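**Q** Please build the complex by placing chains C, U and S on the supplied structure of chain D, with the hints as guidance.
4 protein chains.
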Amino acid sequence: MAFTYRRTIRFADTDAAGVVFFPNYLAICHEAYEESLAADGIELRSFFGGQDLVMPISKSQVEYLRPLTCGDKAGITLTTASLGPDSFSISYEVHRFGPPKKLAARVCTEHVCISPRTRERHALPAALAAWVAHHAA
Amino acid sequence: MAFTYRRTIRFADTDAAGVVFFPNYLAICHEAYEESLAADGIELRSFFGGQDLVMPISKSQVEYLRPLTCGDKAGITLTTASLGPDSFSISYEVHRFGPPKKLAARVCTEHVCISPRTRERHALPAALAAWVAHHAA
Amino acid sequence: MAFTYRRTIRFADTDAAGVVFFPNYLAICHEAYEESLAADGIELRSFFGGQDLVMPISKSQVEYLRPLTCGDKAGITLTTASLGPDSFSISYEVHRFGPPKKLAARVCTEHVCISPRTRERHALPAALAAWVAHHAA
Amino acid sequence: MAFTYRRTIRFADTDAAGVVFFPNYLAICHEAYEESLAADGIELRSFFGGQDLVMPISKSQVEYLRPLTCGDKAGITLTTASLGPDSFSISYEVHRFGPPKKLAARVCTEHVCISPRTRERHALPAALAAWVAHHAA
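Residue numbers (the working numbering), protein chains in the order written: chain D, 1 to 137; chain C, 1 to 137; chain U, 1 to 137; chain S, 1 to 137.
Warning: the hint list may mix true and false statements.
What the hints assert, rightly or not - The calculated DSSO-like cross-link candidates involving lysine-lysine, where the alpha carbons are at most 27 Å apart (straight line), are:
no.: 1; chain 1: D; residue 1: Lys59; chain 2: U; residue 2: Lys101
no.: 2; chain 1: C; residue 1: Lys73; chain 2: D; residue 2: Lys73
no.: 3; chain 1: S; residue 1: Lys73; chain 2: C; residue 2: Lys73
no.: 4; chain 1: U; residue 1: Lys73; chain 2: S; residue 2: Lys73
no.: 5; chain 1: S; residue 1: Lys102; chain 2: C; residue 2: Lys102
no.: 6; chain 1: U; residue 1: Lys59; chain 2: D; residue 2: Lys101
no.: 7; chain 1: S; residue 1: Lys101; chain 2: S; residue 2: Lys73
no.: 8; chain 1: D; residue 1: Lys59; chain 2: U; residue 2: Lys102
no.: 9; chain 1: C; residue 1: Lys102; chain 2: S; residue 2: Lys59
no.: 10; chain 1: D; residue 1: Lys73; chain 2: U; residue 2: Lys59
no.: 11; chain 1: U; residue 1: Lys73; chain 2: D; residue 2: Lys59
no.: 12; chain 1: U; residue 1: Lys101; chain 2: D; residue 2: Lys101
no.: 13; chain 1: D; residue 1: Lys102; chain 2: U; residue 2: Lys59
no.: 14; chain 1: S; residue 1: Lys102; chain 2: C; residue 2: Lys59
no.: 15; chain 1: D; residue 1: Lys101; chain 2: D; residue 2: Lys73
Calculated directly from the structure, the hints in this document are not laboratory data.
Just so it is clear, the structure is predicted and the values come from calculations on it, not from any experiment.
So here's chain D without its partners, still in its complex pose (with noise of 0.2 Å):
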């Protein structure tokens, strides 16, 4: 079940070009990730503070298809696919609200458990599965 973040473009997000700094696209989708995480009953501060298990990103990637510029209204809408145990991706679709809505950019972003003390793979957490097969495309 597909999960939408709203949020306005901030002068913040922007850069000398007027819109958008590219790599901002990929925070911006980490806040929805967030937010669909704690939807979802999971607590931030220790899920990224991990003492236990950490979930670095392995590989990301963006296509940009329209700017976006400060004060804009966005939508950020995920969902997810398990990769194995140990690993899951991440589909996002950010949109401008209009009307019309357009697609601004698609992302998508790959994660992984490990051990912070050995770096080596582990099976997620339950309740990260849990989320993955609750946000499964």
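**A** Leaving out everything else, chains C, U and S in the frame of chain D:
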């Protein structure tokens, strides 16, 4: 009349000390300024794109009282003060919602209206002067 | 011919996991792009201020291999590839200097030249085409 | 003894007004602080990773005098002042190299040493006290 903007603290706001990176308080307060301008009907893209007049910040001050971490729910309350026909200040209080609600930072910025061509001071545009009056402490 | 840019990892680059925030790899690679353009005599302010032609990024890809932390000495090596008269790609390798030297990330961006007024594709300006040829893999 | 750090202004530093986004002056000055600590032999990862003692910033002040744009060559000169056994301040001047050289901003930060467990003030570690003495105005 004070204006309050609500904002969840994001992973992107934090640094390796696990808390909001200190320059980001200014960026978060600027979001409250943007939201408040938009709420009073000022169009952000042209306001910050500034062909005719620009409103650069001439001073900023922050007192950091309590750290904020990823997932915290914050409220940023702003009030304004006129400093003359061509300048104004904004005072912000950043709270972390609780319970109990705690003051995390006090921020103040000063803004000057200038002509981008001559760099000379110029009276505030009417819509901005009205915004300053509307939110005066 | 490859171009290498050296960069110390800063506290501002990090996040609450204690390592470089993943979107910031794109920003750090863009610095290498800027430094390389400047080294070939291209004036950055007018290049990125873009009245006549703009060079937005249409795609980005990152593989994150090893985390980087505050104080690390990094080297970013770029090479280019022409994708036609109006577009090119840049491949980056981000290393952490050691000893031993370790590959931290592989990054790729695609760039398209367009006219800002019509949003239509346009041949690269001569100085940029020369830069692409100079750094071709 | 003053310490000077040289830094090219990057596209990532700028905002839609075409100049350095005002919170980023604090981040750029923090880079000068990091570089200066490293030059005096303080290891940044453990310093900012802070298990034993942490040095949060309690206040910051910036006067913005002249805008900086992408490609500008800047110099950030810092001097320190002791504020007691457990705190100190840093004064920064940010210049744009010319000719002529121009002052772009004046920045001041105050830092307090605390124990991360008790949040109580604690005397500066010896290496940091020596750094403060070394760069006293």
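**Q** Against the 27 Å threshold, does the CA-CA distance of lysine 59 (chain D) and lysine 102 (chain U) hold or violate the hint?
**A** holds (18 Å)
**Q** Within 27 Å, alpha carbon to alpha carbon, are lysine 59 (chain D) and lysine 101 (chain U)?
**A** Distance ~21 Å between lysine 59 (chain D) and lysine 101 (chain U) Cα, so the pair holds.
**Q** Against the 27 Å threshold, does the CA-CA distance of lysine 73 (chain S) and lysine 73 (chain C) hold or violate the hint?
**A** Given pair lysine 73 (chain S), lysine 73 (chain C) is violated - Cα atoms ~39 Å apart, limit 27 Å.
**Q** Regarding the pair lysine 102 (chain S) and lysine 59 (chain C), is the alpha-carbon distance no greater than 27 Å?
**A** holds (18 Å)
**Q** Run the distance test for lysine 73 (chain U) versus lysine 73 (chain S): straight-line Cα separation, threshold 27 Å.
**A** holds (21 Å)
**Q** Could you grab the alpha-carbon distance between lysine 73 (chain U) and lysine 59 (chain D) and see if it respects the 27 Å cut-off?
**A** Distance of about 22 Å is within 27 Å: holds.
**Q** Is the Cα-Cα distance between lysine 73 (chain C) and lysine 73 (chain D) 27 Å or less?
**A** holds (21 Å)
**Q** Taken at face value, is the distance from the CA of lysine 59 (chain S) to the CA of lysine 102 (chain C) at most 27 Å?
**A** holds (18 Å)
**Q** Within 27 Å, alpha carbon to alpha carbon, are lysine 102 (chain S) and lysine 102 (chain C)?
**A** violated (41 Å)
**Q** Taking 27 Å as the top limit, are the C-alpha atoms of lysine 73 (chain D) and lysine 59 (chain U) close enough?
**A** Status holds; Cα separation ~22 Å.
**Q** Given the hint that lysine 59 (chain U) pairs with lysine 101 (chain D), test it: the Cα-Cα distance must not exceed 27 Å.
**A** Given that 27 Å is the threshold and the Cα spacing comes to 21 Å, the pair holds.
**Q** Taken at face value, is the distance from the CA of lysine 73 (chain S) to the CA of lysine 101 (chain S) at most 27 Å?
**A** Holds: lysine 101 (chain S) and lysine 73 (chain S) sit about 10 Å apart, inside 27 Å.
Consistency note: the structure conflicts with the earlier hints numbered 3, 5 and 12.
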